[in-house]
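**Q** Chain by chain, the residues run as shown.
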Amino acid sequence: MRPLILTAETMRGRMDLYPTAEVFPGTPGTIAPADGNYAARVAPVVAPGFRPAPALDHSSIADDAEKDADLKSGAKQFGDAPLELGPNNDRLEDVKPELVNALRELVRQYRQEGIVARRNEIRRIRQARLFWQGLQYAWWNPNDMNWHLPFEQRFKDDRELEEMPRYQFVTNFYQGFGLSFIAVLSQDVPSVRFYPQSSQSLEDISAARAASDVAELIERNNEVENLLTSIGYFLWTDGKLGAYVRFVADGQRFGFHEEQLLEAIEIPLGEDAYVCPACRRETPATPPAPGDEPAQDPTTVGARYIVPLQPMRCASCDAELGESNLRKAERVTVPRVVGTRRVPNGQEVISIAGGLELNTPVWANEMHEYPYLQWQTEVHRAKLKAAYPHAASKIEAASSQGPDDVYARVSRLSVEQGLPSIHPGDALMNLITFDRTWLRPWAFYSIEDEAVRNELLALFPDGCYCGFAGDVYCESRNESMDDHWRVLHALPGDGQNRPSVGDSLVQVQERYNVLSNMQAETYEYGIPPIYADPQVLDFDALANQVAEPAAHFPARARPGQPLAAGFFQPAPAQVPPDMIRHQQDLIGPVAQFLTGLFPAIFGGNMDDVKTASGYALARDQAMGRLGLVWRRTKQFYADVLLLAVDCFRKNRPEDAEIPLLGPDGVLDARVIRAADLKGNICVHPEADETFPRLKSQQRAVLQQLFSVNDPLIQEALAEPANIGYIKNVLGLSELVVPGEDSRNKQLREIQQLLASAPIVISTHLSGAAHVAPGFSPASAGASEANESAAPESSNAAPQDGVLKGGARQPASANSQEPSILVLPSVPVDQLLDDHAVEFEECKRWANSEAGQSAKMTNPAGFANVRAHTEAHLRAMSIGTSALSHVGPTQTGHFSPVHRPARSNELQTSSHAAVRLAPKESSPHGEADRDSPGDHWITIDGNHVLIHEAEGKHNEQTPQSLAAQIPCAIKVAIATALNDSNAPTADDKKGGFHEEYGVAGLDASGKWVISRDEPGPYANPDVTDHVSPSGKPADKSVAYSIVSPRVFFHVHPAGVTAAGKRWVQPPSSADKTAAIPGQINIVLAAGEKKVYFYDSSGVIGKSIKLKDFLCS
Amino acid sequence: MLFFSLAAQQTQRSLPKVVSASVPFYPILAPGARIQGVVTLRVSTDGKSVSAIDAESGPPMLVQAAKENVRTWRFEPHAPATFGVKFRYRLLDYKCDSDCRCKSQPEPSVLLHLPSHVEVTSVIPMICDPAEQTPRKK
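Protein sequence lines correspond, in order, to chains A and B. Numbering follows this note's numbering, with no gaps: position 966 of the first sequence is 950. Numbering follows this note's numbering, with no gaps: position 91 of the second sequence is 106.
These are computed hints drawn from the structure, not numbers from a lab.
Among the chain B residues that face chain A by a calculated CB cut under 7 Å, a handful are: (1) Gly47; (2) Ile50; (3) Pro75; (4) Met76; (5) Ser113; (6) Cys115; (7) Met141.
Ideal placement from N, C-alpha and C gives every residue a C-beta, glycine not left out.
The following block holds chain B by itself, in its conformation from the complex (with noise of 0.2 Å):
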């Protein structure tokens, strides 16, 4: 675990420094079609921005939003490399109360670890139907 761990530090000295970047966030119609998983992309820059991405796996839709976001990164001066990035996009359960206040657990978040992975959850679309009275019939 702790060769891991420093293995994880050495590697992670080695790849570029992100200088500046958007934040990347949940494809809106991702949540309501339950599409959630990892995207694995290989990202290759010229020494200062992204030149080319390549998706290795993960649902479509969330591919296209993990390629977005990349090319959004700006790096510090540095040789070119190329490099993988996993995304991970995690949906997360939510839990109604009796007025149908629903709430997941726990929020949803953007963990960033630039630039070898990115976790973004969001919440799936929170329906919560109460119960009436049958109406009378006439």
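In isolation and in its complexed conformation, chain A is listed as follows (with noise of 0.2 Å):
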């Protein structure tokens, strides 16, 4: 395949000339030409001039150097003068009338080289057609080259009359095997595939995904199984067909929408004024009085002054002022909007014409071969005056043509009128043969004289296109045929003359016919008389008795015999049963075998078949014969489409929207970007189509597996992604499937979540969860996406310890280093959503090819799906722990069912959420699970992990904390409450400051403790409240800590005179900044007593001071 490359070229169509349409020859925007409505043309005659010849046919002339070289040196000579031709060339024949003579003999000339052969193929594709229409007595009659029907009235010989056959029954099994082999062909619209000519060029990567998006709106516009059904039909009866690809802009087909109108403008970026030249001094222009009219340009608004009558003087000096003193403003130029303008839409048109209407040169084997190409038609004369006003006084009725020209053109209309010849009745004499013919660059050398041969070179570099109506000239363009044209045919074969599919049917169907009118005629003539006896029958009473039901006849039986003696009937004529056995092979076996159409394509019935394997079997086969033509059939789709394809890059100025139904059931709108189509594409039909696959078919297999007990194939058709195929094969569309609207759901979200890119949390095992700032959520992605660019990051096991788009997970087995929290941008919904459901379709989805295009081509929104998926999963684990009320870390916090998150509301979604990391991203198992602590919280809807330390466990008892703490630690701390009722620096007599320490583990591992400077001193008849120093008494001690334990503080003993003293038991404040996950401790010293507490309150009882220390 010749790869495509875009061009800048921008072509629209002509309106559709049933069913052509040409470029449009006016401005992008003026009212098209359609069909029947002319309107005046606007288009200004702009000279499109002569182009050079840098892109001349390649594929037809790429073997033959010298005449390329030729082509190219031609074309320059006149390469650089450009002529008032018109947009396609509407005055050639005014201007250059000796090119449109040359163009106009050529294409004669090349049509009557084959001019025989093409006659026979008119006369083949004639009686083809006209038994399609039933007409199948026709016969031929070499005098005038022209099909009869046998009772035609006839006005020179009448000899004919006698010999014609008498019976005319048809029993049309010709037009019964065409439409199965049409419905055949037509069923599945063959799937093509656009692949980049490089796959290293992401610009060619990108024009073959969008070529697909283009091809499928193509065959949307072109009712691509009308198309279908017509390339079939012309396999059947023409056995040669091609396809017309172009764009065109008709507003009565298409519709109109509305242009804005623009002009150029002039604004000022300032005022006018006068510079006087003697003091400098400025004077403004006088600005127009209302009414005046502008002295200025009429396109330059904001400028208007006055030109004084009489000289202006300079305020200043009283120097005059003339116009060579005016300086103007700087000026811009703007675009404004003066109007709109009604555009006819257009879009790319693919027609399909048979071989009568094709014409072809009969000795080419390929395209490739192909000096002309020549397509007739029909059309009415007042649609083409319409169409060319320029030749319009020219086209009349049918101009004189050849002989060959009429053969050809009354074939045409006879089989459109369903008579085997036209009838003079109708107004044919309307109808103008309309020749469009495409020539190569190299069909110029048949042309003698060598100026007019460059000349055309030169104006047609890539190859001509050519209209005349009747032999008046319409117009021409440069335009290769290769870039619109394709062809096909049925068979492999020889030349261009290559038989239908159905014409081994056609001697066939005369056979039976005969055969046929034989056994009706037998039937009717072959009743026998009945011979009687005179003496036995009263032939004269007979006569005169009227018959009437139980009517008496007299008759007297000869003496001795019986009266059935005096009766005599001789045997009926019967048809041989042998005939009738060969009319029934032919019919059957016979028309089966040739055509490739066995009873099991049309689901007829099968003698020797009883099993439905049988017939399975069978139809293989009759399908496998049937893909002989349907793979020629698909390349020949593939090309088109590339053509459709290639022609919508060059003709749509802009990006193009077409409303898909997606995978989820919604109508998705999807932009086809012009700037991605400008890659190198090739195209080629699915290989893994051999033959057509038939609904039936696909139901019958389906209903086969349905029966299979292999766990394997249930498990594949219990696939909720298969229901939606399954539902559609069955025709069962309104059967509700479990789970069905979760998934299309799910698919909605996907589509959303691929917008966008996930949001990034950073959680410090410290204890802290943030969001990172500045990651909006677009910058998250960014970053996310750097993390998680290359495919494998987000499946690896995580090297820093962070584990790439997904839930948080701490790599190392202390815990210390830091995890990212990657967080859908569409969050999951706790309690409505079906998770389970929801999950698989999103691995489905991954695994896809979409999911794996997606996570190349957008790696952030494939990290955006990833993390919804892992809140699916999540939430399934939330699920299974509500329903079995098992905690494992016992803390006594979870709540089953969670509120819905609200807007700027800070709430707890879930303890056990994070518990259960999925598997495959927990190498570590239990170790690397998130700890009890950790709770999801929903910030303005979305989930964000917080990691805490582990709080108060119900098992926990002032006596179990103690014992956690070693004895040497105990007396340390103890030694705090002495000393907190020992005088100080500002406590004179003790008893009246706070004490703190902190005790825990150092690098080493050894218990180390670290306390404050005593408090300051606090009376609490005259002071609020009691506080420590907060300052370490030994700063080196206090920062070898790695990992504090005890948080330590005594409340003085002290009473004042008034009674006063400080609060003994852990206070408000306390609780409030204990450090969760560690022991907290106050010592009362008023009470020698130890208090447990955490931030709910005091664990268990206070114990006694002796109890708190070791024995």
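Using the hints, put the two standalone chains together into the complex.
**A** Next comes the structure, spelled out in structure tokens:
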């Protein structure tokens, strides 16, 4: 396949002259002439000029370097001389009549070259089309080269009348078989796949992807099923067809849209002023009075001023100011909307032409050998006059043509009339034969006049399209037939006049008709007479007697003989049983073998096949036979679509939006961007389609699969993603499938997720969770995209302690590494979502072609989908936990059903949500799961994981906590109580200041205790509160602690004269300031008790100091 | 002073640009242990992210937190580089009113001058114990 390269050339189609459309000659946006409603053309006659010839037809003449060089030189010779020829060379005949004459002669000459074979082709195709219509008794008269019906009126020779068959019954199985063939061929639209020319070129890759969308749009606009039906029909009757692809702008067919008309105007960037040549003083130019017309260019606005009748004078020095002193302000050109205009819509149109209309050189085997390709149709002259007003006066009644042209024309018209020959009663003179011919550049070398030839080569460097209404020149342009045409033959063979699929059935049909008529004749004329003995039957009485029911006829048997002996009837004529069998063979096995359309194709009975598998086998074999035609059709179809895509990118000036029904059942607007179509692409039909797949076949296979007990097959059938397909094949579209709505919802959400990036949260295990600053979803996505850009990153074992694209997870055993949490931009609904179904749908999508493509081209979006999938997985874990009511951590904080999140609300979503990380992302098993203190909060709809140290455990008691502290540390802690009672610098007596300390492990794992300096003196009669100093007594000791475990302070014991003292149990502030997950102690010096507490209160009861200390 | 500022700007220009980073937070246990101070790190990059971190000085608990944060930094593509980073962790004092409503002055904050230095402040656990009347002995 020749790669297509986008060119900047933009062309628009002319009105569609059934079924044609050419380049619209007007400026884009002018009203296009349409079928029967011609509007005056606004097109300015703009000379396109002669283009140089860099893009000659490489495929056709690449192998002939000399010719190529000649052509190019010829093109250059005339390439620099623009001529006023009109957009489609409308005026070529006026300006260069010798070129038009040369074209006309060239077209005629090429047509004459293969006239005999072409005549034969027309005769064959015409007979086939008549057969299709049931006119199967036409006979060929070589004298007038025409088909005739047996009883049509003959003026010259009546002898044939006696030779005509009497019976003309038609059992049209030619059409019946043909319909089966067409039905099979058009049942499935061939799958076409566009490939980038280079897998390394991003431009090519994006072009290939966009081309698929374009193809879908084109298929829809051209009603692809009808196209395939036409293809099937012509393959059956003609054996040759062509597809013509072009862009048509036609308001009558495709509607109109409004476009703004813009004009360029100048706007001043300041005031115009007179500048005094003497003193340089500026005097503003006088603005116009209301109603004054501006003296300036009408396209200039905002710069109106009046040129004074009297010379102006400078206000400062009275110097005279003239035009030469006027300094105009700087001006900029801006567009201005001056109106709107109706613009016809356009689209790519594919027309299928049959063999009667398509004239190709009979001797050529392949398309690149064609010097010409001609498409002939009969078009009403009014339409042609409207389309080509410059030639309207010449387009009159059907012009004189050569006998062979008349023959082709008559053949086309007769089949359109449904008659063997044209009926003169119709006003056919108004139908003009419109010849459209495409010529290759090398075809011009048939012209002997070198000057004319070179001019044509320069004018049509890529090839020539020329249109003639009869002999009247209408238009021409530089156009390669390879860019617009593809030709298909039904069967392999030689040359262009190859048989059609149904040709072999024509003679079988004729023979059957003969036998059928003989059978009817036999039955009709084969009833034998009855002979009677006049001695027995009274013929006179019989003749005079009225025949009536139960009548009595006088008869007398001969003596001694029965009455019956007086009568004799010979045996009736019988159709030979052999003939009946032969007839059945003709309509049965013979026809089936010749066409390949076995009963299995159309559901017919097969006597020798008794089982379903036998029928299936026969059907597959039959389809394999048709695969011969099917494969050719697929390639042809793919080629045509490639032409259409190329046509799209050449003619669409802007992005196109197409409504598509998405997999979720929702109409989706997909935009095809012109910029995406700049790469080189090629096309191939799907290789795995060796024959058409009938719905009935698929249904039968499905039913077989349902009855198979293989668990793998049953699993595949139960796969939710297959349910839609199964429903479609079985025709049960209204069947409600559990989870289908959820799957569709998930597919819609995936589309939303792909449009944005996930939200990235960084979580420190030191206890804080936070959204990274400046991480708007978009920027976070960009950041995350960087991290997860490598496809393997999201699945690889984390190396840096970060589980990318997923839930937070510590990577090292000591859980000291930070985690990055990726949250989806579309959160899951904990309560209402069907998490299992949506999770599976996400997984299926991620592994599908679309998912893998998104992973490569849209990593941020893919990461967003992945985060969403993980959210569903976590939600499933919550559901499991909630059902089981078993919390591994026994925290007692579980809440099975969570209140839906509200905006701007901080709420706990789940504790257990993070407990069960997906196995595949938890290589270290339990050790890597989130710790019990973790919980999810929802901020503005986003779930954020908060890690907290382990809080209160139900089984914790003061004793158990005390047991975790080494005895020596307990003693050191108790010392603080004594120190609180001891005097300090400001607490002269002691008992009125706090002591504070922390005990924990240092880097070597040894217990260390760090004490604050004594707190400030505080007399409860004087001050409101007492606090520690907040300053470590020995910083080096304090800083050596890497794992603090016990935080303690002393509530002093002193009592004032007024009977006041400092509170002894942990105060409210103490509880608020309690360090989560650690041991918090208040030593009540006055009570000599020890209180253990956390943020929720005192743990158990206080214990006596002596009980706290080791015995 | 001006020279220093210009030199600092010059240095700043030559450092790789951080395009994303987590917010550095004060380790939650450190204020209770009164741990504060300056952490000095030597950071090496591979042109996109951090490849190695060497701690030069600072309390171990704070060093760990600083390292955690530096690992989250992502840079604009640049030539692999090594540079110093200072994390200053500072604890704020607090004041309480008569109802033990305590507040630090100023509020805890995070100041980022990436990638050269970072300042993180927090407040020590705000302990405020009120007075009570001594219960009468029966």
